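Q: Protein chains in written order, with the UniProt record's numbering: chain Y, 1 to 268; chain D, 1 to 294.
Keep in mind that a hint or two might mislead.
Unchecked claim - Example chain D residues on the side facing chain Y (calculated, C-beta under 10 angstroms, incomplete):
| no. | residue |
| --- | --- |
| 1 | S7 |
| 2 | M72 |
| 3 | F111 |
What the hints assert, rightly or not - In silico DSS-like links for lysine-lysine, alpha-carbon gap of 30 angstroms or less:
| no. | chain 1 | residue 1 | chain 2 | residue 2 |
| --- | --- | --- | --- | --- |
| 4 | D | K19 | Y | K92 |
| 5 | D | K110 | Y | K8 |
| 6 | Y | K92 | D | K11 |
To be verified - Covered stretches of chain D, going by a simulated chain Y footprint (3 or more residues, C-beta under 8 angstroms):
| no. | segment |
| --- | --- |
| 7 | 27–34 |
| 8 | 58–70 |
| 9 | 120–134 |
| 10 | 143–151 |
| 11 | 227–234 |
| 12 | 254–265 |
No lab work stands behind these hints: they were computed from the structure.
Computed from a predicted model, the values in this text were never measured in an experiment.
Cβ coordinates follow ideal geometry from the N, Cα and C atoms, glycine included.
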Amino acid sequence: MRLSRTTKYLLLAALVLGLAVIYFPLLVVLLNSFNADTTFGWPPSSFTLEWWGRAAENEGALNALGTSVQAGLAATAIALVLGTMAAFALQKYRFFGRNQVSLLIILPIALPGIVTGIALNNAFRTILGIDLGLFTAIVAHATFCIVVVFNNVVARLRRMGGNLEEASMDLGADGLTTFRLVTFPMLRSALLAGGLLAFALSFDEIIVTTFTLGTGLETLPIWILNNLFRPNQAPIVNVVAAVLILASTIPVYLAQRLSGDTTSGGRL
Amino acid sequence: MTTTLESPRRKASAFLYRKPRLRLGLLLSAPALWLGLAYLGALAALFVTAFWHTDVFTGQVVTEWSLDNFAMLFSDAVYRTITFRTVGIAALVTVITAVLAFPMAFYMAKFASPRARRLLVIAVMTPLWASYLVKAYAWRSMLSGNGVLHWLLNPFGLDTPGYGVLATVITLSYLWLPYMILPIYAGLERLPNSLVDASGDLGARPFRTFRSVVLPVTFPAVVAGSIFTFSLSLGDYIAVKIVGGTSQMLGNVVYDNIGAANNLPFAATVATVPVVIMLAYLAAVRRTGALDNL
Numbered sequence: 001m002r003l004s005r006t007t008k009y010l011l012l013a014a015l016v017l018g019l020a021v022i023y024f025p026l027l028v029v030l031l032n033s034f035n036a037d038t039t040f041g042w043p044p045s046s047f048t049l050e051w052w053g054r055a056a057e058n059e060g061a062l063n064a065l066g067t068s069v070q071a072g073l074a075a076t077a078i079a080l081v082l083g084t085m086a087a088f089a090l091q092k093y094r095f096f097g098r099n100q101v102s103l104l105i106i107l108p109i110a111l112p113g114i115v116t117g118i119a120l121n122n123a124f125r126t127i128l129g130i131d132l133g134l135f136t137a138i139v140a141h142a143t144f145c146i147v148v149v150f151n152n153v154v155a156r157l158r159r160m161g162g163n164l165e166e167a168s169m170d171l172g173a174d175g176l177t178t179f180r181l182v183t184f185p186m187l188r189s190a191l192l193a194g195g196l197l198a199f200a201l202s203f204d205e206i207i208v209t210t211f212t213l214g215t216g217l218e219t220l221p222i223w224i225l226n227n228l229f230r231p232n233q234a235p236i237v238n239v240v241a242a243v244l245i246l247a248s249t250i251p252v253y254l255a256q257r258l259s260g261d262t263t264s265g266g267r268l
Numbered sequence: 001m002t003t004t005l006e007s008p009r010r011k012a013s014a015f016l017y018r019k020p021r022l023r024l025g026l027l028l029s030a031p032a033l034w035l036g037l038a039y040l041g042a043l044a045a046l047f048v049t050a051f052w053h054t055d056v057f058t059g060q061v062v063t064e065w066s067l068d069n070f071a072m073l074f075s076d077a078v079y080r081t082i083t084f085r086t087v088g089i090a091a092l093v094t095v096i097t098a099v100l101a102f103p104m105a106f107y108m109a110k111f112a113s114p115r116a117r118r119l120l121v122i123a124v125m126t127p128l129w130a131s132y133l134v135k136a137y138a139w140r141s142m143l144s145g146n147g148v149l150h151w152l153l154n155p156f157g158l159d160t161p162g163y164g165v166l167a168t169v170i171t172l173s174y175l176w177l178p179y180m181i182l183p184i185y186a187g188l189e190r191l192p193n194s195l196v197d198a199s200g201d202l203g204a205r206p207f208r209t210f211r212s213v214v215l216p217v218t219f220p221a222v223v224a225g226s227i228f229t230f231s232l233s234l235g236d237y238i239a240v241k242i243v244g245g246t247s248q249m250l251g252n253v254v255y256d257n258i259g260a261a262n263n264l265p266f267a268a269t270v271a272t273v274p275v276v277i278m279l280a281y282l283a284a285v286r287r288t289g290a291l292d293n294l
């Protein structure tokens with residue numbers, strides 16, 4: 001494209017500056033986790049590893065990590081099954097209400113988190129009479145994770161078409177064999193990418209979790225929020241935050257390597 | 001051969017093959033039950049609850065229909081202020097992210113080499129998955145009185161804005177910026193370069209080309225991004241808790257009424273406001289094709 005050199009450099013400057021602004025606050029958190037000063041004045045006067053050692057032994061944070069992992073794994077498993085089924089139904093069939101179904105899949109994350117949270121909270125407590133616990137949080141997480149798996153699988157199905165499956169059927173394989181030997185292997189990396197992103201989404205979620213997790217239980221984000229305003233916990237909060245920043249890069253990196261499908265959408 | 005052809009599994013497979021509607025029904029039943037019944041049901045129940053109220057003495061929900069909650073929401077000046085503040089913050093955040101995201105996405109889509117493009121997408125996406133709370137927390141320490149912004153701005157005679165509405169707008173814009181960059185980038189990638197060049201050949205100056213060619217083509221992508229930035233801001237209450245000082249958003253009212261005030265019906269009433277705004281917004285932008293860009 002022909003644009004003046006000045007325009008090009010201005011755009012490049014905007015991009016570099018924008019990325020700098022995106023990464024700078026995260027680097028500050030990383031640096032602060034080694035900041036020896038407990039009030040985290042800037043610039044740090046000296047550095048220490050003490051907070052990292054203390055965080056590694058902090059029972060509250062470790063328990064919260066356990067809860068987060070349990071909720072994330074269970075929600076991801078449900079989302080993988082439901083998201084894949086929905087993707088097959090919407091990608092391979094044309095039917096009445098198809099657009100409405102695809103809107104319904106987006107809805108749990110298109111609506112503000114607080115609405116999803118309070119709607120499920122109300123449904124569990126007042127309508128179904130279920131006490132909030134880990135189970136209710138898992139149901140809530142699965143609801144908004146479906147879309148991530150759905151999008152990854154739809155993108156893959158769109159790319160691979162149906163020729164190979166038809167060939168497999170023509171050669172005498174039944175539906176199950178075709179799925180096991182043809183469809184599933186081609187979907188595997190998309191499922192893995194979708195699963196990783198669903199896990200990351202569940203791991204990070206706080207608003208819906210606040211409303212659906214039982215009292216006495218904490219996921220890692222909720223642990224951070226509960227300790228954010230306690231000055232004596234600040235150093236450990238910094239370390240947990242730093243760990244989350246580093247850990248969050250893993251699923252994105254892996255998902256990117258596994259499938260090129262996930263580049264377009266926003267939160268999806 | 002005949003034995004395999006007549007095995008029960010074979011028969012079931014053949015039966016299903018002849019009945020595409022049945023296959024569709026089996027595939028769709030579980031997700032439709034989960035989302036359609038559980039999720040939509042919960043949403044519907046929420047709106048019903050909005051017309052009920054709690055007993056002042058027992059705190060129990062009373063299932064009598066009335067519009068009292070809505071009357072309170074619209075007549076009380078406090079709630080009106082909070083509603084306008086929330087919508088204003090959400091709109092401002094959307095505009096800020098769009099203005100920041102467009103040039104970034106433009107360079108990524110039109111000037112970067114394919115390899116650099118891929119790396120840039122990863123660079124934008126990675127912080128998207130870094131914890132929401134960590135990012136809000138990062139801005140709390142950035143904005144604090146002895147924090148980085150104070151240190152950076154002080155030599156110029158300026159200071160950190162501290163905690164308040166401005167801090168909330170900054171933090172929310174920061175949080176949602178990647179949600180805006182990625183759809184716009186995808187939209188610009190689909191815009192053919194030749195279209196821009198043709199506009200230039202016909203004598204349009206860059207700004208005219210931008211206004212008459214680039215913007216109309218990428219508008220659905222911008223709207224797609226705005227769905228997230230707007231919706232996420234409308235429902236937020238944690239960022240404003242962390243950096244907003246004493247100011248409140250609709251989300252805080254909902255949260256306080258569920259927790260401390262134990263008034264679920266009123267919380268439900270307040271929660272209908274962002275839903276109605278979002279549904280109206282989704283309906284308004286449907287025709288732009290933005291929903292296909294999600």
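Q: With reference to the structure, classify each hint as holding or not holding.
A: So, going through the hints one by one against the coordinates:
1. Of the supplied interface hints, the one on S7(D) holds, with its beta-carbon coming within about 9 angstroms of a beta-carbon of chain Y, less than 10 angstroms.
2. For M72(D), the shortest C-beta to C-beta distance to chain Y is roughly 18 angstroms, which exceeds 10 angstroms, and the interface hint is violated.
3. Hint status for F111(D): holds, given a least beta-carbon distance of 6 angstroms to chain Y, under 10 angstroms.
4. Using a Cα cut-off of 30 angstroms, the hinted pair K19(D) and K92(Y) holds, with the two alpha carbons roughly 14 angstroms apart.
5. About 10 angstroms separates the Cα atoms of K110(D) and K8(Y), which keeps this hinted pair within 30 angstroms; it holds.
6. A C-alpha spacing of about 22 angstroms is found between K92(Y) and K11(D), which places the hinted pair at or below 30 angstroms, so the restraint holds.
7. Residue count for the segment 27–34 of chain D with a Cβ under 8 angstroms from a Cβ of chain Y: 6. That meets the three needed, and the coverage hint holds.
8. With a cut-off of 8 angstroms between beta carbons, the segment 58–70 of chain D has 1 residues touching chain Y; three or more are needed, and the interface restraint is violated.
9. Counting residues of the segment 120–134 of chain D whose CB lies closer than 8 angstroms to any CB of chain Y gives 15, so the stated coverage by that chain holds, three being the minimum.
10. Only residues whose beta carbon comes within less than 8 angstroms of a beta carbon in chain Y count, and the segment 143–151 of chain D has 6; three or more means the coverage holds.
11. Only residues whose beta carbon comes within less than 8 angstroms of a beta carbon in chain Y count, and the segment 227–234 of chain D has 5; three or more means the coverage holds.
12. Beta-carbon proximity to chain Y at under 8 angstroms applies to 4 residues in the segment 254–265 of chain D; the threshold of 3 is reached and the given coverage holds.
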